[in-house]
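Enquirer: Just so you know, the protein sequences line up as chains B and R, in that order.
0 is the number of the first residue of the first sequence in numbering that gives the first Met the number 0; add one for each residue after it.
0 is the number of the first residue of the second sequence in numbering that gives the first Met the number 0; add one for each residue after it.
Hints in this document: simulated from the structure, not taken from any laboratory.
There could be a bad hint or two in this list.
From the structure, some residues in chain R lie toward chain B, with a derived Cβ separation under 8 Å [what the hints assert, rightly or not]:
{"id": "1", "residue": "T89"}
{"id": "2", "residue": "Y91"}
{"id": "3", "residue": "V93"}
{"id": "4", "residue": "S95"}
{"id": "5", "residue": "I115"}
{"id": "6", "residue": "W176"}
{"id": "7", "residue": "T186"}
{"id": "8", "residue": "G190"}
{"id": "9", "residue": "T193"}
{"id": "10", "residue": "I256"}
Glycine residues also receive a C-beta, built at the ideal position from the N, C-alpha and C atoms.
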Amino acid sequence: MSDPVQISVRNLSVYYGKQHVLRGITLDIPSRHVLGIIGPAGSGKTAFLRTLNRLNDLNPDSRMEGKILMGETEITHSDCDVVSLRKRVGMVFALPVPLPLSIYDNLAYGPRLSGIRKRFQLDEIVERSLKAAVLWEEVKDRLQTSAFRLSGGQQQRLCLARVLAMEPEVVLLDEPCSGLDPISTARIEEALMTLKATHTIVLVTNNTKQAARVADTTAFFLMGELIEVGPTSRLFVAPTDSRTNEYISGRFG
Amino acid sequence: MRVPPKVTQAIAVALFGGATVLTLAVLVFVIVFVLGKGLPVVSLDFLLQSPREMGKAGGIFPTLVGTFLLPLVAVAIAFPLGVGTSVYLTEYTVESRMTGVIRFGTDCLAGIPSIIFGLFGYIFFVEILQMGWCILSGGLTLAIMVLPTIIRTSEEAIKAVPTSYREVSFSLGATRWETVLKVVLPTALPGIVTGVMLSIGRSIGETAAVIFTAGASLRLPDSLFDSVRTMAVHFYILAREGISIENAYGTAAILIIAVLLVNAVSYGLMNRFIARRTK
Chain B
0 MSDPVQISVR NLSVYYGKQH VLRGITLDIP SRHVLGIIGP AGSGKTAFLR TLNRLNDLNP
60 DSRMEGKILM GETEITHSDC DVVSLRKRVG MVFALPVPLP LSIYDNLAYG PRLSGIRKRF
120 QLDEIVERSL KAAVLWEEVK DRLQTSAFRL SGGQQQRLCL ARVLAMEPEV VLLDEPCSGL
180 DPISTARIEE ALMTLKATHT IVLVTNNTKQ AARVADTTAF FLMGELIEVG PTSRLFVAPT
240 DSRTNEYISG RFG
Chain R
0 MRVPPKVTQA IAVALFGGAT VLTLAVLVFV IVFVLGKGLP VVSLDFLLQS PREMGKAGGI
60 FPTLVGTFLL PLVAVAIAFP LGVGTSVYLT EYTVESRMTG VIRFGTDCLA GIPSIIFGLF
120 GYIFFVEILQ MGWCILSGGL TLAIMVLPTI IRTSEEAIKA VPTSYREVSF SLGATRWETV
180 LKVVLPTALP GIVTGVMLSI GRSIGETAAV IFTAGASLRL PDSLFDSVRT MAVHFYILAR
240 EGISIENAYG TAAILIIAVL LVNAVSYGLM NRFIARRTK
């Protein structure tokens, strides 16, 4: 597995059509680190995440200003190879989206795109990724059944495993537990705690408690602006901005 | 005065139920009538022998071959073109005035009477390109005729594929082409097959476009450049020229059975495909 990288975001703005969804974000994410992003709906958390793997490109109305460096690569540059960028930066979406394939083929989707064809290699990747996502024990006997047959919590872990199968350096998670029960949430968090030893993780969450549990650093977004970022232990105890304080103490959002 | 809900409910059931029953009754009547008149003529000899005396006696074997070949050629040409166009319209362009014009064009094309296609095919393929009356001329003409159906049904099927599937595929490092090939098209396949099925059905039953372009030869074709007669054309000629009403109904019965078979087989294949992907 290649070394995870540091991400530097400099004065990043994103527009969807006329809408200004991110306003001058500047932020560093150290490697092997979990950055939690909290903030109310519409604060630009997801838009930010989608700049990190250039998924905003799919929306023809979106426009981006500023600069993001991932290691040495300027990923916001128009010459950036988006396809290989996305192989380095995996993403788990808010709702679990298994592709209409078997569990095995879902896992093998990314590796096959990278040209891995040999059965024994794929077998090994599938097993390792499922174990890392704490799903292996539940599905090892039915890898050839449809991924749709899994429960919601299992599907989301499948999506995490599918990302890990690509051996990405960075893992983006967009409210991965918003539709899950507490036990499935605990499983995902368990997987994240192990993963951060080897990956850089950006976790967008609606659940401030989850950020407090998992994130090393937490950032608070509001109306497209980065209000405050700091070590989780400090941010939740002594926020410097009154708006952060109001949000985490549950007065709005 | 208000009508009590129970009464309006009863009227609604009677109206809609009646419409359904009437529709089904007409359909069943047509099929039973044609099969009843036609099936007594049908025998193995009828299916496997060549016609004699212009179809007054003998079988319909060459027209079976023609009915099989023409739609095959038509779909073989229209399928890649149509699916390609719909993939282009849905995946490779953004909605614009241009795509609107293309869509409007295909819709207009779909509304043109088949005899116009026949005339066009006659002038363009048969006369200008000097291809003569042959399977290829007919197949090309039918292909143009069914293209709008294939384009629009495929487009709807592709649009119905959830955007989230594409996002997942892209986020896993797939190119657009890989996403189309591995996720979009397999998921849209049942809808695409429906369009192809409709197209085959239309081609099998077509007379006007075929008689001008593929001719009406009763000989077995040796190549794509030979003229053929389809069952629909055979039926038309037998009935129109009063050659043999019995054999006309026999041909019609086989035609109906052929269309039903095509539908049944494609539904079966499609269901097996869906079952395999979601078992």
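Enquirer: Should the hint that W176(R) touches chain B count as held when the rule is a Cβ pair under 8 Å?
Expert: This hint is violated: W176(R) lies away from chain B, its Cβ roughly 11 Å from the closest one there, beyond 8 Å.
Enquirer: Identify whether the interface hint at I256(R) stands, where standing means a beta carbon of chain B within less than 8 Å of its own.
Expert: Given a least distance of 35 Å, the restraint on I256(R) is violated.
Enquirer: Under the criterion of a CB-CB separation shorter than 8 Å, is T186(R) in contact with chain B as hinted?
Expert: Holds - the Cβ of T186(R) comes within 8 Å of chain B, reaching about 6 Å at its closest.
Enquirer: If you take the shortest Cβ to Cβ gap from Y91(R) to chain B, is it below 8 Å?
Expert: This hint is violated: Y91(R) lies away from chain B, its Cβ roughly 12 Å from the closest one there, beyond 8 Å.
Enquirer: Given T193(R) was flagged as interface, is its beta-carbon under 8 Å from a beta-carbon of chain B?
Expert: Hint violated; T193(R) Cβ to chain B Cβ min 18 Å, cut 8 Å.
Enquirer: Does the closest beta carbon of chain B sit nearer than 8 Å to the beta carbon of S95(R)?
Expert: 10 Å, violated
Enquirer: With chain B as the partner, please determine if G190(R) meets the hint condition of a C-beta pair closer than 8 Å.
Expert: 14 Å, violated
Enquirer: Min Cβ distance, T89(R) to chain B: is it shorter than 8 Å?
Expert: Because about 13 Å separates T89(R) from the closest Cβ in chain B, which is outside the 8 Å limit, the hint is violated.
Enquirer: May I ask you to test the interface hint for V93(R) with respect to chain B, counting a Cβ-Cβ separation under 8 Å as satisfied?
Expert: For V93(R), the interface hint holds, since the closest Cβ of chain B sits about 5 Å away, which is under 8 Å.
Enquirer: Is the interface hint satisfied for I115(R)? The criterion is a beta-carbon contact with chain B at less than 8 Å.
Expert: 38 Å, violated
Figure legend: structure checked against the earlier numbered hints; hints not met, in rising order: 1, 2, 4, 5, 6, 8, 9, 10.
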